[in-house]
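Trainee: Listed below, chain by chain, are the residues.
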Amino acid sequence: MAFLISFDIDGTLEFGDPPGGITVEMVRRAQQRGFLIGSCSDRFPSAQRALWEAREIKVDFVAAKHMLPDIRSRFEATKYLHIGDRDLDQQLAEQAGFEFFWDHEGVAEPWLAWLDEHAD
Amino acid sequence: MQLRKQSPVPNDLDRPFYDACNEDRLVLQHCAACNRFQFPPRAMCPRCGNPGLAWRDVTGRGRIQSRVVVYDSPVSTLIPDQPFNVATISLEVEPELTMLSHLPGVPVDKVPIGASVEVFFESTPATGQKVPEWRLVS
Amino acid sequence: MAIPIAPYAWHRNREGLGIWEGRGRVVATGVGTSPTARRWDEKPDTSMGALTIAAIRRAIEDAGITPDEIDGIVLTPESTTGVSNDPNAPAPVGWDSVFKMVDYPQAGITRGDIDWILLNMPELKNVEFKMNGPVCMSVAFTTAAEAVSRGLTKTCLVVRGWHNLAGRYYVGQGAAARDTAAGPGKYGSIWGMPACATTAMVFEEYCNKYGKSHEMMAPFIVEERRNGLMNPDGYYTQHRPEMITVDDYLSGRWIAKPANIYDNDLPIQAALAVIFTTPELAAHHKQKPVYILNHAQTRPELQGAVPALNEWERASDRMGRMLYEGAGIGPEDVSFENMYDGFTLFHQFHLEGLRFASRGEKRGYALDLYQTDISIEGPNPVSPSGGNNGNGRTRWWNHRDCILQIQGRSPSQISRKAEIGISGAHVPNYCDALVWAASAD
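Protein chains in written order, with our numbering: chain A, 749 to 868; chain B, 57 to 194; chain C, 1298 to 1738.
Where hints are given, some of them may not hold.
Listed below are the simulated PhoX-like cross-link pairs for lysine-lysine, each with C-alpha atoms no more than 25 Å apart in a straight line [to be verified]:
1) C:K1554 with C:K1506
2) C:K1506 with C:K1422
3) C:K1506 with B:K166
4) C:K1509 with C:K1659
5) C:K1583 with C:K1554
6) C:K1422 with C:K1451
7) C:K1585 with C:K1451
8) C:K1554 with B:K166
9) B:K166 with C:K1509
Some but not every residue of chain A turned toward chain C, in silico, with C-beta under 10 Å [stated by the list, open to error]:
10) A750
11) D790
12) H852
Because the hints were derived from the structure by calculation, they are not lab data.
Note that the Cβ used here is the ideal one computed from N, Cα and C, for glycine as well.
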């Protein structure tokens, strides 16, 4: 089964404004390990796509932040995670049935441990 | 559901308003020269400058004039309750005088514009200070 | 000595005043715009004060004059609508090695200050007229227009800087983080409305009254961003050259429905300076003079917790009538309008008050107009500056663009001849507006 990670951009990712602690390398690593990845941010969807393309990352989804329920319905996964830097990120994530990590918690890439937990 | 409003802290100017709220009464400042009610409380009539505004009891009946649904409030105590309604209430006694309401019990996005409402008074969590709220008149 | 604020007696806030006494006696010439940034990085050379100095130097250079010709400054000292430092907070370490300090430690950081500017711009050695135009640069513009027309200053800088500190604008900070509410904000704040909610409420009332919808805003939003992205000085052009689509807009997250996130303007750091002078002195300026035909003010009636549609329509109708009366023109003479747009949902109140592009309609027509050609190439250019929505929050892109359009050098120059334009800010019932023209005739 897949795991899905939604990244907020501004205040969360290193290329956000303001920059956050989650690096492109962490995102790339998650994707290489089989995670479904994408962004749910207040940037326009078209702008989010451009930001990922500029970093040569082909994401599975982009959406406005409040569209997390839609992402959940579109992708089947064992776990759904949203990483953000605002109370609102947490609220929207929890309302949509996502686990939530603060941006600073995400820096340790705790999602990688899920692979071991679900190894068999 | 009662939302977790901040508790307003009265000052010398608006204490009559908040004291009346604690007695389940709605009072408003009235300018005799303009024959006009106004809110929020001010030291003088904003229209004619009359400093002798009198506090008068009013019925607290009105109608719902407009509404928004708040999804991203700046106020920390209210963030867990998002989304919630905020409506403008046009008072029967002075239709251009608007007050605000969460319209407790009215589902989000189901605010009946133009509907009649009446005031009641709600305690706020931090200090117990009561504030005016409105409910639909059946 | 404390710097005076604009006298109330200078307001043109009622009908029946006739043609403005200063009509044709004041012109704008040079324009200077600083670089923009999303937030301050706490370095002195990127501070609001540094940006202000940069804008002033650019305006003087743009006008082709020398600094010693400047004899007046009108400035809007407030430099945010969001979070400021404590007024007594000390300047950051190293600040005093870059800038000279006045008594007020936040000067140049979270508040504009004429004396700070003069201390740090020794080339401005002949400034005698100093006045603050509080709250909004519109006030500074109308104040400077009066000052020049009254002969109190001959060549005057009009200045406003904006700061935006790190962190969220005000969400969950300061008063919003407490469980009690004190001060005048308590009458509204306990209901938890974000800043755009008042506008959204009046917009909702407007839609209900005239049978319109939020979706009808989309062409305006898209056109404004297009116009803004033509502006090399705008925030979005410099930092996020992202064009918004109708789908992007309509998928925006609600902040206070019917206002979504893209109806809210983005706080930035930036500064603008403009040179006002007399037509006679402008003869040796490098840029074509743009005449100010009139200015006018509205202020709130202050009867309820929030304004209602009636009040905003009354105020903006009155603004239109006052502007036209004092300028000696009518709606049919206006080539373009650059009324305020931050929040986007009140632009149409201003536009309708001016009866811009009206075919006899009085109210409830603007959102239908948005469905027609409102581009800079079309017959009815709406907000050709792109406003705050297209450039970032400053409340002055609209005024700036009126000058540039009439000088024929706007980056989003309208196709029709730009002879008369109107700009004003901010909300419909608290607005200062000006009529700009290519000639006084």
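Trainee: So, for every hint listed, does it hold in this structure?
Mentor: Against the structure, the hints come out as follows:
Proposed proximity of C:K1554 and C:K1506 is supported: the alpha carbons are some 17 Å apart, at most 25 Å. For the given pair, C:K1506 sits about 56 Å from C:K1422 by alpha-carbon distance, which is inconsistent with the 25 Å threshold. Only pairs whose Cα atoms come within 25 Å are accepted, and C:K1506 paired with B:K166 is accepted, the gap being roughly 18 Å. For the given pair, C:K1509 sits about 15 Å from C:K1659 by alpha-carbon distance, which is consistent with the 25 Å threshold.
As the CA atoms of C:K1583 and C:K1554 are separated by approximately 48 Å, the hinted pair breaks the 25 Å bound. Between C:K1422 and C:K1451, the direct Cα distance comes to roughly 14 Å. Compliance with the 25 Å bound is thereby established for this hinted pair. For the hint linking C:K1585 to C:K1451, the alpha-carbon distance of about 17 Å falls within 25 Å, and the restraint holds. For the hint linking C:K1554 to B:K166, the alpha-carbon distance of about 12 Å falls within 25 Å, and the restraint holds.
The straight-line distance between the Cα atoms of B:K166 and C:K1509 is roughly 18 Å, inside the 25 Å bound, and the hint therefore holds. Taken as an interface hint, A:A750 does not check out: its beta carbon lies about 25 Å from the nearest beta carbon of chain C, beyond 10 Å. Hint status for A:D790: holds, given a least beta-carbon distance of 6 Å to chain C, under 10 Å. Among the interface hints, the one on A:H852 is violated; its C-beta lies about 15 Å from the nearest C-beta in chain C, farther than the 10 Å criterion.
Hint compliance for this structure: hints 2, 5, 10 and 12 are broken, all remaining hints hold.
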